[in-house]
Amino acid sequence: MIKHRIAQALLLCAPLLCVQPASALDFNNLLKQMNGSDNSSSNKSDAINAGINALKSAAEANRTIGPEEEKTIGDGLAANLLGGRPLVPNQPLQHYVNLVGRWVADQSELPKLDWRFGVTNDNDVNSFSTPGGAILITKGLLLKLRDEAELACILGHEITHTLKHHHTRAIQAAKGKDAFGQALQGVVAYKGGGAKQQLGANAIKGLAEVQVRGLDKKDEFEADVNGMVLCARAGYNPYALVGVLQTLDALNPQDGTVALMFATHPTPTERLTKIDEIVGDKLDSYSQGIEETARFDAIVGKMEKAAK
Amino acid sequence: MNVLTIHKLKWPSVLALGLASALALAESGTVIRNADLKEKPFLDATSTGKVAAGAQVNIVGRQGSWMQVQAGPSAGWIKLLNVRTGTAAASSSSGIGTLANVVTTGSSGTTVTTGVKGLSKEDIQTAVPNYKEVEKLSTFAVSEQDAAKSAKQVKLVAVEVADIALPTSSSSNSNSGGSGGNNVDDMRRRRP
Numbered sequence: 078m079i080k081h082r083i084a085q086a087l088l089l090c091a092p093l094l095c096v097q098p099a100s101a102l103d104f105n106n107l108l109k110q111m112n113g114s115d116n117s118s119s120n121k122s123d124a125i126n127a128g129i130n131a132l133k134s135a136a137e138a139n140r141t142i143g144p145e146e147e148k149t150i151g152d153g154l155a156a157n158l159l160g161g162r163p164l165v166p167n168q169p170l171q172h173y174v175n176l177v178g179r180w181v182a183d184q185s186e187l188p189k190l191d192w193r194f195g196v197t198n199d200n201d202v203n204s205f206s207t208p209g210g211a212i213l214i215t216k217g218l219l220l221k222l223r224d225e226a227e228l229a230c231i232l233g234h235e236i237t238h239t240l241k242h243h244h245t246r247a248i249q250a251a252k253g254k255d256a257f258g259q260a261l262q263g264v265v266a267y268k269g270g271g272a273k274q275q276l277g278a279n280a281i282k283g284l285a286e287v288q289v290r291g292l293d294k295k296d297e298f299e300a301d302v303n304g305m306v307l308c309a310r311a312g313y314n315p316y317a318l319v320g321v322l323q324t325l326d327a328l329n330p331q332d333g334t335v336a337l338m339f340a341t342h343p344t345p346t347e348r349l350t351k352i353d354e355i356v357g358d359k360l361d362s363y364s365q366g367i368e369e370t371a372r373f374d375a376i377v378g379k380m381e382k383a384a385k
Numbered sequence: 002m003n004v005l006t007i008h009k010l011k012w013p014s015v016l017a018l019g020l021a022s023a024l025a026l027a028e029s030g031t032v033i034r035n036a037d038l039k040e041k042p043f044l045d046a047t048s049t050g051k052v053a054a055g056a057q058v059n060i061v062g063r064q065g066s067w068m069q070v071q072a073g074p075s076a077g078w079i080k081l082l083n084v085r086t087g088t089a090a091a092s093s094s095s096g097i098g099t100l101a102n103v104v105t106t107g108s109s110g111t112t113v114t115t116g117v118k119g120l121s122k123e124d125i126q127t128a129v130p131n132y133k134e135v136e137k138l139s140t141f142a143v144s145e146q147d148a149a150k151s152a153k154q155v156k157l158v159a160v161e162v163a164d165i166a167l168p169t170s171s172s173s174n175s176n177s178g179g180s181g182g183n184n185v186d187d188m189r190r191r192r193p
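Chains D and A, in that order, give the protein sequences. Residue 78 is where the first sequence starts when you use our numbering, and the numbers rise one by one after that. Residue 2 is where the second sequence starts when you use our numbering, and the numbers rise one by one after that.
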């Protein structure tokens, strides 16, 4: 029975997964290398199991790209962002952001994803999502927030990009069908080190283009609207997102600290107008949700005071 | 000025607190549609006055989907989404907004680069991928159970909320003048 289902899964998605039909993409080998960064002695059956799992989940999701592949690519993108600006070396802060982020993500349709949240040591105002569940927010944005509800809503926005595969789609749209196969090979090559490392780095750069150019406007509006819904589901006041966008709207667009965010997103005014049109009063009955928390004040509030 | 405003309002202590934070942040905004000022942040609260589209307001505070504002001699609550805080909108007319803009954004119109330069497009293109940092990020991950336990401590309760669908096929008319789609019409109806 189980065997039969696996065989069915293999049959179902083998053609889908071969994003590079004519190439020498060795899927099992690829997954084996993905399991351990460079230890080629990794257990063969583990690798095969991982392969089967990936195929099964891809079949379940009925998509061409499975969760394992998305995570490999997403972590490559996260590695690139963190190569630019590392995490703030503050364990209680990082733990706190994970408590909030995970709680919000758990109200979504994918609570089992490998959700990880981090604050980067960057004074600019921005936040990033990657396929597979790594979400980053800059210290600069964090220090502009009034309360935990605002943090929850921003994380809800980024979580939505991951849930709806916005980056995955953008990469495919920009790079064509073969993009993911090539990118996977690239990321694996990079992690393997050696002669192919530069090739791998180039593949990651190719993907990171989506973070330089930004997503489709519609995807941003969807992330705002669904981010508010997730925020409300988690028990927060969803209109806290409006507060964040008003903070951003009040910033001088010429200010260097918002350059990347403003270049990759619709203007805050546009986003507020969309929220006004699409959400309006629809979430009013949840607007009495939590805004301030003692844990926010103890960690972020303290940092905000120190920064003044 | 504080004393004067406090006399106008019925909740002096709340306002005094609000004013303190408003002065610290010096937030201002522009009203985008005619609205009633409410005495309290509820639709059925009594009206204390009116604000017209284009009016400048000082933002005193926020609560739920409401914003507490000071508009000239009048004060009260209006819906958050009735106010825009953009510098473009605020700088188009003089008055209250101007001072606040200087306070929040420094010298307007010039590039402000304070402190450490943030992640730029160039950085993304030239960064060396750092997998050690990704491993570190993964060590900070928390379990569903831990997140739920901590949420409970701050009185967060998960609630059911229906999805909100984005209007379909609104592809190219992103200029939201409010002329078109049925969804927009539907939303416009909700406010007086």
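Hint data in this document are derived by calculation from the structure and do not stem from the laboratory. Here the structure is a predicted model, which means the values were calculated and not measured. The beta-carbon is built from N, C-alpha and C at its ideal position, and this holds for glycine as well. You may find that some hints are simply not true.
What the hints assert, rightly or not - Straight-line distance between alpha carbons at most 30 Å, and here's what the computed BS3-like set of lysine-lysine pairs gives:
no., chain 1, residue 1, chain 2, residue 2
1, A, K156, D, K379
2, D, K282, A, K122
3, D, K282, D, K385
4, D, K382, A, K51
To be verified - To be clear about the criterion: a stretch of chain D counts as covered by chain A if any three or more of its residues have a C-beta under 8 Å from a C-beta of chain A, and this derived list gives those stretches:
no., stretch
5, 150 to 160
6, 238 to 244
7, 330 to 340
(message) I'd like to know which numbered hints this structure contradicts. Please list them from smallest to largest.
(response) 3, 4, 6
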